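Student: What follows is each chain in one-letter form.
Number of protein chains: 2
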Amino acid sequence: MIEEVERILKERGKQIESELEKAVPRKGIANLNEAVWYHLDSGGKRIRPVLAILTCEALKGDVSKVMPFAAACELLHNWLLVHDDIEDGDRVRRDKPAVWVRYGMAQGINIGDFMSEKVYELVLNSGVDVNTKLELISEIVETCVRTAEGQAMDMNLRGERKPEEKDYMKMIELKTAWYLTLPMVGGAIVAGRRDLSGKIKEFGMKIGPAFQIADDLLDLTKGKGRGEAGSDIKEGKRSIMVVHCASQCSESERKRLFGILGTARGRTRREDIEYVRRLFEKYGSLDYAMRRARSLAAESKKTTSSMPAGLRAVLDDFADYLAERKT
Amino acid sequence: MIEEVERILKERGKQIESELEKAVPRKGIANLNEAVWYHLDSGGKRIRPVLAILTCEALKGDVSKVMPFAAACELLHNWLLVHDDIEDGDRVRRDKPAVWVRYGMAQGINIGDFMSEKVYELVLNSGVDVNTKLELISEIVETCVRTAEGQAMDMNLRGERKPEEKDYMKMIELKTAWYLTLPMVGGAIVAGRRDLSGKIKEFGMKIGPAFQIADDLLDLTKGKGRGEAGSDIKEGKRSIMVVHCASQCSESERKRLFGILGTARGRTRREDIEYVRRLFEKYGSLDYAMRRARSLAAESKKTTSSMPAGLRAVLDDFADYLAERKT
Chain B
24 MIEEVERILK ERGKQIESEL EKAVPRKGIA NLNEAVWYHL DSGGKRIRPV
74 LAILTCEALK GDVSKVMPFA AACELLHNWL LVHDDIEDGD RVRRDKPAVW
124 VRYGMAQGIN IGDFMSEKVY ELVLNSGVDV NTKLELISEI VETCVRTAEG
174 QAMDMNLRGE RKPEEKDYMK MIELKTAWYL TLPMVGGAIV AGRRDLSGKI
224 KEFGMKIGPA FQIADDLLDL TKGKGRGEAG SDIKEGKRSI MVVHCASQCS
274 ESERKRLFGI LGTARGRTRR EDIEYVRRLF EKYGSLDYAM RRARSLAAES
324 KKTTSSMPAG LRAVLDDFAD YLAERKT
Chain P
24 MIEEVERILK ERGKQIESEL EKAVPRKGIA NLNEAVWYHL DSGGKRIRPV
74 LAILTCEALK GDVSKVMPFA AACELLHNWL LVHDDIEDGD RVRRDKPAVW
124 VRYGMAQGIN IGDFMSEKVY ELVLNSGVDV NTKLELISEI VETCVRTAEG
174 QAMDMNLRGE RKPEEKDYMK MIELKTAWYL TLPMVGGAIV AGRRDLSGKI
224 KEFGMKIGPA FQIADDLLDL TKGKGRGEAG SDIKEGKRSI MVVHCASQCS
274 ESERKRLFGI LGTARGRTRR EDIEYVRRLF EKYGSLDYAM RRARSLAAES
324 KKTTSSMPAG LRAVLDDFAD YLAERKT
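If you read the protein sequences in the order shown, they are chains B and P.
Residues 24 to 350 in this note's numbering are what the first sequence lists, from first letter to last.
Residues 24 to 350 in this note's numbering are what the second sequence lists, from first letter to last.
Hint data in this document are derived by calculation from the structure and do not stem from the laboratory.
Just so it is clear, the structure is predicted and the values come from calculations on it, not from any experiment.
Yeah, the Cβ is synthetic: ideal placement off N, Cα and C, and Gly gets one too.
Any given hint could be a false lead.
What the hints assert, rightly or not - Incomplete in silico selection of chain B near chain P, CB under 10 Å:
no.	residue
1	I109
2	T170
3	I296
Stated by the list, open to error - Partial list, derived from the structure: chain B residues whose beta carbon lies under 8 Å from chain P:
no.	residue
4	E110
5	R114
6	V115
7	N133
8	S139
9	E140
10	V151
11	S161
12	V168
13	E172
14	Q174
15	A175
Bound conformation, chain B alone (with noise of 0.2 Å):
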């Protein structure tokens, strides 16, 4: 897989660059244009466009025509990641000061509020034909509303002091699963095989917690580039670890437990996380969390038995690597 998508990122990088420039001129209003453009340009792996190209082409689609809708794909994900920051209070995004902390809260709400409506202005523009555009839209649309509702879902879950695991994997469906899956279903829906999205979805709704999972966990390794490593203790978040120790742990433990994840987050020490990362390691939640991803991914790879063995080939592939993922 990361053989393919260096491949895609090669040949295409520069078409979805340039898509995305179309979309939004790197110069025009200030603290606003350019601010998109300190974000787009902090990096960030474009798998969503690459997946979304892939998959049109797995399925012999106009690769050129998907073009627009992979750049619409990569700056949803980016919008949702300039609003999260604001939301958790992240102030460090790809090793740099999130658009909020660089450009003011109050700009970074407006900032995400005009990167969302260029999604759909890059899928207006593009050159499908008037049925295709609306059903990518209505895809977007869709995937944007689950997201919400997984995103309010993850908010009211902090408040929660015994997480249940059904309610984590629901919420990590809304808030991950949707937006993961979406470029498949539009690069699909562009290489006029709409009939697929049904398939694709069952895959991405187990792929795509399979990634959040491993998401949960490279934050207590790698720190993501927010920063260090242990934001997400820092948030407060319900990860499956959380979930998952806290349904092992003792009374007291399970009181200190949340007391460290109740605490704003300026105010959590570095002793707290180690603590919280000896307790996860004491009950076996991060070997419980990577068996959880593991066994997801072998899920989504039952579901694609049925799929044209071009796509296949790419989305068994994406699900290795989104698995195991280490960066």
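Given the coordinates of chain B, assemble chain P onto it according to the supplied hints.
Tutor: Same frame as chain B, now just chain P:
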């Protein structure tokens, strides 16, 4: 106009409400669905959906078909308010705690995002044909992009100590006029009169700024349900009165004026607001604003002369109503 608005609200008010309830059920995810309704139930004049209906009706369109779009216009107006209140630090909206005060800032941002997507869902699920849907969506997207640009300009202007009237005018055209014009444009599109959208936009780019100036004035008299009069001064907004006054007053007065506007909103004293109001009176800035609103309203009526008689009557009435509004 007021009679027309009341007639439409009597005939169609419940339908607007039920379109909104279809899109956002009152019960759903905690701190999300209920929060949208906390905001929507706080009132508002519903002027935008009425305008969409009146335009469609005047052009002999099928009013039942414009209802989802009319509801979408109301939802759009309201999500902008939800985010605006966070961006401006306004704690009171329609005499109740603003959404972000009631639900927290993080949920507040997400609630607005959710509403903004539901705008599109309303149009996607409406009973108009594919091309009409796409045209409506395209108009909404452009409107939201322009509004975000205007919002950024508004915030940028707050740093200006010599704000120019041309920048102020450009800003309110983007920030206010576009999304006041949208309901009329959409009403015409649903009625099959897309050919009128250019003319309607000419009208809107006059009446929209007139409306904003009337709003600037209202802030100093009625307080617009945002707690108390003078909210704009606390926020440091560059209103038309600020722009005018700063171009007329002495250097020392300007210094004090911008000193007050630059004070953090919690620290602006009642006597500061009184000082600014007296300064506006001394230099005739309130009269100037009133004259400007009236002359823009008069100009707007010049653009309606070539429109079909029924639409002309509606828009002329609307122009008088908006420029003279007292609440």
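Student: Hint by hint, say whether it matches the structure.
Tutor: Verification of the supplied hints:
For B:I109, the interface hint holds, the least distance from its beta-carbon to any beta-carbon of chain P being 6 Å, beneath 10 Å. Interface restraint check: B:T170 against chain P, minimum CB-CB distance 8 Å, threshold 10 Å, status holds. For B:I296, the interface hint is violated, since its Cβ never comes within 10 Å of a Cβ in chain P; the closest pair sits about 21 Å apart. Proximity of B:E110 to chain P holds as hinted, the smallest CB-CB distance being about 4 Å (cut-off 8 Å).
Contact between B:R114 and chain P, as hinted, is not supported at the beta carbon level, the nearest pair being about 14 Å apart and thus beyond 8 Å. The beta carbon of B:V115 comes no nearer than 18 Å to any beta carbon in chain P, farther than 8 Å, and the hint placing it at the interface is violated. Evaluation of the B:N133 hint against chain P yields a held restraint, the C-beta minimum of about 5 Å falling below 8 Å. The interface hint given for B:S139 is met, as the beta carbon of that residue sits about 7 Å from the closest beta carbon of chain P, less than 8 Å.
Because the beta carbon of B:E140 sits about 4 Å from the nearest beta carbon in chain P, less than 8 Å, this interface hint is met. Checking B:V151 against chain P by beta carbon gives a least distance of about 11 Å; that is not within 8 Å, so the hint is violated. This hint holds: B:S161 has a C-beta 5 Å from the nearest C-beta of chain P, less than the 8 Å allowed. At about 5 Å, the closest approach between the beta carbon of B:V168 and any beta carbon in chain P falls short of 8 Å, and the interface hint on this residue holds.
Evaluation of the B:E172 hint against chain P yields a held restraint, the C-beta minimum of about 5 Å falling below 8 Å. With 8 Å as the threshold, the beta carbon of B:Q174 comes within range of chain P, its nearest partner Cβ sitting at about 5 Å, so the hint holds. Given hint, B:A175 at the interface with chain P, holds; its Cβ is 4 Å from that chain's nearest Cβ, closer than 8 Å.
Of the numbered hints listed earlier, those contradicted by the structure are 3, 5, 6 and 10.
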